[in-house]
Amino acid sequence: MHDASHGSQNQLLVVYTGASQHLGRAPLALSDGGPDVVDHWTVEDGGRLLFLLVRHEASPSPAAFIDAASSCYQQGDAREQQSWLRAVAFLPDPARFLPLVVDACRTNILPLFESVACENPYPARHFPERNFNQMVLKALFTGVALARILGLPERANPELARMASDYADERRAAGRSIPVDIALAMADRARTRTDT
Amino acid sequence: MKIIDPHVHMTSRTTDDYEAMASAGIVAVVEPAFWLGQPRTQAGSFVDYFNSLIGWERFRAAQFGIWHFCTIGLNPKEANNPRLATEVIEMLPRFLAKDGVVAVGEIGFDDQTDAEQDCFARQVELARTFNLPVLVHTPHRDKKQGTIRSLALVRLLGFPEERVLIDHNNEETLPIVLDSGCWAGHTIYPNTKMDEHRMAVLVQKYGSDRIIVNSAADWGISDPLKVPKTIAVMRAQGIAEETIARIVWDNPAAFFAQSGRFDVSALEKRPDMDRRQKFETNSVLRGEPAQAHR
Chain E
1 MHDASHGSQN QLLVVYTGAS QHLGRAPLAL SDGGPDVVDH WTVEDGGRLL
51 FLLVRHEASP SPAAFIDAAS SCYQQGDARE QQSWLRAVAF LPDPARFLPL
101 VVDACRTNIL PLFESVACEN PYPARHFPER NFNQMVLKAL FTGVALARIL
151 GLPERANPEL ARMASDYADE RRAAGRSIPV DIALAMADRA RTRTDT
Chain U
1001 MKIIDPHVHM TSRTTDDYEA MASAGIVAVV EPAFWLGQPR TQAGSFVDYF
1051 NSLIGWERFR AAQFGIWHFC TIGLNPKEAN NPRLATEVIE MLPRFLAKDG
1101 VVAVGEIGFD DQTDAEQDCF ARQVELARTF NLPVLVHTPH RDKKQGTIRS
1151 LALVRLLGFP EERVLIDHNN EETLPIVLDS GCWAGHTIYP NTKMDEHRMA
1201 VLVQKYGSDR IIVNSAADWG ISDPLKVPKT IAVMRAQGIA EETIARIVWD
1251 NPAAFFAQSG RFDVSALEKR PDMDRRQKFE TNSVLRGEPA QAHR
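Protein chains in written order, with my numbering: chain E, 1 to 196; chain U, 1001 to 1294.
Treat the hints loosely; a few may be bogus.
[Unchecked claim] Capping the alpha-carbon separation at 27 Å, the derived lysine-lysine pairs in DSSO-like fashion look like this:
no., chain 1, residue 1, chain 2, residue 2
1, E, K138, U, K1144
2, U, K1229, U, K1205
3, U, K1229, U, K1278
4, U, K1098, U, K1144
5, U, K1143, E, K138
6, U, K1002, U, K1143
Hints in this document: simulated from the structure, not taken from any laboratory.
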């Protein structure tokens, strides 16, 4: 733990990586069911968040912490990046990591995308509308169930409804099936219809 | 039939692919610079990538009897890293000046962010400076909107539309592109984008003017023989030979000839296939004796 809080950046990276060997990938299972996001975490995910939190406590400046935390993401392998993305909403002042999280959505590695888009409060809390909409559309594209996106009903908006509807048209024109849960992305349109 | 695959990422493909492509009639390929599947963290990675497109990949293709050309640009996905994007765009001129670079590209939109639009516009200006045509990638997500935005930007910048190839079209975007003066590329993929049968239907509906097909084969699920396979389907659907030849040869040749660096008459002869040749001391033989090959 001392390496994580007070060690050099390299020592922190070694500890952060080593979580998989020292803590393992058993389910974290903190709560007894319910919608808690950590239900989907493993023990190493929890440990890695803890390392970042103690690092924050011991960091001499915000810049030093941003640098250390960002390098855990940037130098991480896919599993480490997954842990980082699952936990970023719980770091102090998480909005400052927005560029990294938005960029992570551009990945073609599906589990990495899921670690941002699914069972994670971060996008609904911090993504600007355009990035949030792109993420929802990517979920549709990659067959990720929209029900897994936290806060989607609250963030539904006319532009997202328009994008989803265009996507349905494009699929129809190509003679392809339309995802059954696409209506979740068009919630805003449905709401407008009932209002008027 | 002689074929040009005007969009294929050979860096990700094997020598088996090159052999199969050559025997299926592919005479020339254009390899656009694109994303390699994971983020590049420094501008130096682009220097090495661009150099390999201009040198090593061209050499490798020639060893299998295929002419290799490339397009150079910063792809829209990586345009979203502002520090890196500026560094990369600043070094583009020295690559755009090289022989074998027949367009600026792939540029365009991915997430349709302001950063992407900025890099798109700056690279269209570079195309003007270097008198090169432009290859525009259209996004997977929100494609119709992305296509409309791309055309609007080209128009806003006053760049000649006949020097722009808008790629990865589908049923929804093709009529929009044909209404402009731009060329319309179609990527024939195993699962996504466009398939051979849908392509044949589009040709029956819209003809062959400014229409191009490619495989865009890369590191993902894709097939470098999709252009010859599309020819087979078009034939089976009764599309005339001269229409097919326009789509797979005349059109891409005419588009890239606008660079002044794509001489169609030089493609009449296959490149020299002497495999004892070396590129910077490396050959494709991997230690085998040269006589083991034809």
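Status of each hint after checking the structure:
1. Taking the CA atoms of K138(E) and K1144(U), the gap is about 15 Å. The hint holds against a cut of 27 Å.
2. Distance restraint check for K1229(U) and K1205(U): the Cα-Cα separation of roughly 20 Å lies within the 27 Å cut-off, and the hinted pair is therefore satisfied.
3. For the suggested pair K1229(U) and K1278(U), the alpha carbons sit about 33 Å apart, so the restraint of at most 27 Å is broken.
4. Taken as a hint, the K1098(U) and K1144(U) pair is broken in the structure, with Cα atoms around 34 Å apart against an allowance of 27 Å.
5. Using a Cα cut-off of 27 Å, the hinted pair K1143(U) and K138(E) holds, with the two alpha carbons roughly 12 Å apart.
6. Between K1002(U) and K1143(U), the direct Cα distance comes to roughly 31 Å. Violation of the 27 Å bound is thereby established for this hinted pair.
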